[in-house]
Amino acid sequence: MSLERAAWLFIAPALLALGLFFFLPVAGAFIMSLTDFDLYALSDRANLRFVGLRNYYTLLQDPLFWKALGNTFYFVVLGAPLSIGLSLVAALLVNSKLARFRALFRTIFFAPVVTTLVAVAVVWRYIFHARYGFLNFALAQIGVEPIDWMGDPRWAMPAIVILAVWKNFGYNMIILLAALQNIPEELYEAARIDGASAWQTFRHITVPGLGPVLLLVSILTMVGYFQLFAEPYVMTEGGPLQSTLSVLYFMYEEGFKWWSLGRASAVAFLLFILMFIVTLLQLRIGRREARA
Amino acid sequence: MITRRRTIGLLAGAAVGAAGCADLADRRKVVRFWAVGREGEMAAELVRDFEALHPHIRVDVQKLPWTAAHEKLLTAYAGGTLPDLCQLGNTWIAEFTAIDALEPLDHAAQASRVTALDDYFQGFVEANRIAGVLYGVPWYVDTRLLFYRRDLLREAGFAAPPETWDEWLRMLAAVKELVGPQRYAILLPLNEFEPLLVLALQQGEPLLRGDGEWGAFRSAGFRRALRFYNSMFERDLAPRMTNTQISNVWDEFGKGFFSFYISGPWNIAEFRRRLPPRLQDAWMTVPMPGPHGPGVSIAGGASLVIFRSSERKEEAWLLAEHLSQPDVQGRFYELTGDMPPRRTSWRAPVLAASSHARAFRIQLERVRSPPKVPEWERIANEMKLAAERVVQGVLSVDEAVRGLDRRTDQILEKRRWMLQRERAS
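Residue numbers (the working numbering), protein chains in the order written: chain A, 1 to 292; chain B, 293 to 717.
Just chain A, with the same shape it has in the complex (with noise of 0.2 Å):
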């Protein structure tokens, strides 16, 4: 047997599982996507319409899909740096020699990661309660007025995008801790000793260590935060006015409350696409820093 037939025979496992349990099923959604595929067509192959583009054409000119679009992208532009933002803080703060009681903030802080998120909701929906919550009593000690945070479709999101980055940012702090403990001690022993100040030492040592590991952490979250759903799903059910209604919440909504699986394979596709080029961005961008 030779050598490439060996090496074939090798992957043949690992082939056909991808290929079941992967393209297999994708392919088949490309097609539903050019599909009528709705209720009357379970029913009955009959009603089974081809109809090649036009579920695109349709999403593409639905201003709702682009509202849900547009929602999508705030919330991943505020939310997604916010939460490395944060994680990169904690992880920096359960690292440092100086803190106490480390093991106790690092088991706090990973906590909301593994809390049900429609547990935590409940609490969330009393923190955030315009007349009794929290955030507003809170607020209330500075100063400043009552906000309505699920009523108000200028404060819905940047809501979602709160509870949603206090939910995450531990994941991301446990992945940065470990490359934190990678860094080697050396480097800022010599930095210490070439009178490097503190913002030095984090700017040319710290944040070059974090390289590789901050654009996994960047890519993970982008690629998680575009799958926005649970948290408006429990929260506002998308709305008020449809404010924090997202783009896999509307094919949510399409598919499996409407039954309109043609449209949402079709929703399902574009986001795949969108995904694929924001990933291929943020790999690009993050190649050219390596380089420089």
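It should be emphasised that the hints constitute simulated quantities derived from the structure, not laboratory data. Hints are supplied without guarantee of correctness; some may be wrong.
As the list claims (entries may be wrong) - Restricting the straight-line Cα-Cα distance to at most 30 Å, the calculated cross-link-like pairs of lysine-lysine (DSS-like) are:
| no. | chain 1 | residue 1 | chain 2 | residue 2 |
| --- | --- | --- | --- | --- |
| 1 | B | 676 | B | 706 |
| 2 | A | 257 | B | 364 |
| 3 | B | 355 | A | 257 |
| 4 | A | 257 | B | 676 |
| 5 | A | 67 | B | 676 |
| 6 | B | 676 | B | 364 |
Add chain B to chain A, keeping to what the hints say.
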């Protein structure tokens, strides 16, 4: 992981095998009955009596949660595993008829000595008829009407609740004056389409044109309903809020944050349980006021249906008959608080004694069904969103109804195509 799962699988298989052996001795025919939510939990109790009366039948009751019932039923339909008898929400009948899953019941219902259809509230029997054919027997009924704070209304200077829209508005304004700027007169949650739907159904004009082919929200009637609905927000009688923002509707009702609330029978038990004793005499229910006198409301609730795919239709019908008997329905009310669909069943002492149920008894005679097309729920959702835009001041009433008709026409495109094809052949 895999091995562990396989072990569990084997164990489960063994358990099923053992159960199978037991079934060999048990020669009874099995009727599979799916019920949803709390009704599912309580159905088991009613079924036990049925099994005692019919020794040759065993009933296998499955409980579905409300949130997943619709998906589960459609999945079962796609997979060919639908049960024999099932509890189905009235608004889903059209949908399951469209996919040809339901067995017509006219014949059985007419031949039966138990299900005398003229004993049922007419609006709910109608809700189960699609194009003249009966597909379900009402099991329990549900409609929306006004819950109100008697004490606050009296304080505002009114001894009796409203019967017409004008009276209603006057009372709302007086209550609002009484409670001040921080509180409101009525709660119309922006994430519920039912309150607006009730007002729209009261107009008597159809909400869809043709054979449910086009939207008719531009009609004068719907505009009137939407304008009235909106005026309650414009005049600050209702807060621009959703239910999730309120957090606890019962508590806020008790605090007088709002004095009127359009809701259904399940809230009778909730208010009794959650309001403090000193407020128990302070609240009451009243039939919906209409534009010019007592108004109609929605024909909601759930029915018993038999699926076409069933091989035990006769036995399933026997069970449906059993559950339709007035004394069984009285029992059912005691267990669940679900209101019976038959006038005779309402003579049960518990129901006759409940002062809060009385308004429902009156309202049940005056109900109308929303349009019976499978797409209705989606259209109702669009209606809710359009109304929210009007209430939030984004759209005018005229713009909203035009947009709503456009959306509705888009949603019904497939239905029109299918109807055309049907007519052509």
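Verification of the hints:
A distance of roughly 22 Å separates the Cα atoms of residue 676/B and residue 706/B; the hinted pair therefore holds under the 30 Å criterion. The suggested pairing of residue 257/A with residue 364/B holds, with an alpha-carbon distance near 12 Å, which does not exceed 30 Å. The suggested pairing of residue 355/B with residue 257/A holds, with an alpha-carbon distance near 21 Å, which does not exceed 30 Å. In summary, the hint linking residue 257/A to residue 676/B is supported, as the alpha carbons are separated by about 15 Å, within the 30 Å threshold.
The straight-line distance between the Cα atoms of residue 67/A and residue 676/B is roughly 18 Å, inside the 30 Å bound, and the hint therefore holds. Taking the CA atoms of residue 676/B and residue 364/B, the gap is near 25 Å; set against the 30 Å cutoff, the hint holds.
The structure shown violates none of the earlier numbered hints.
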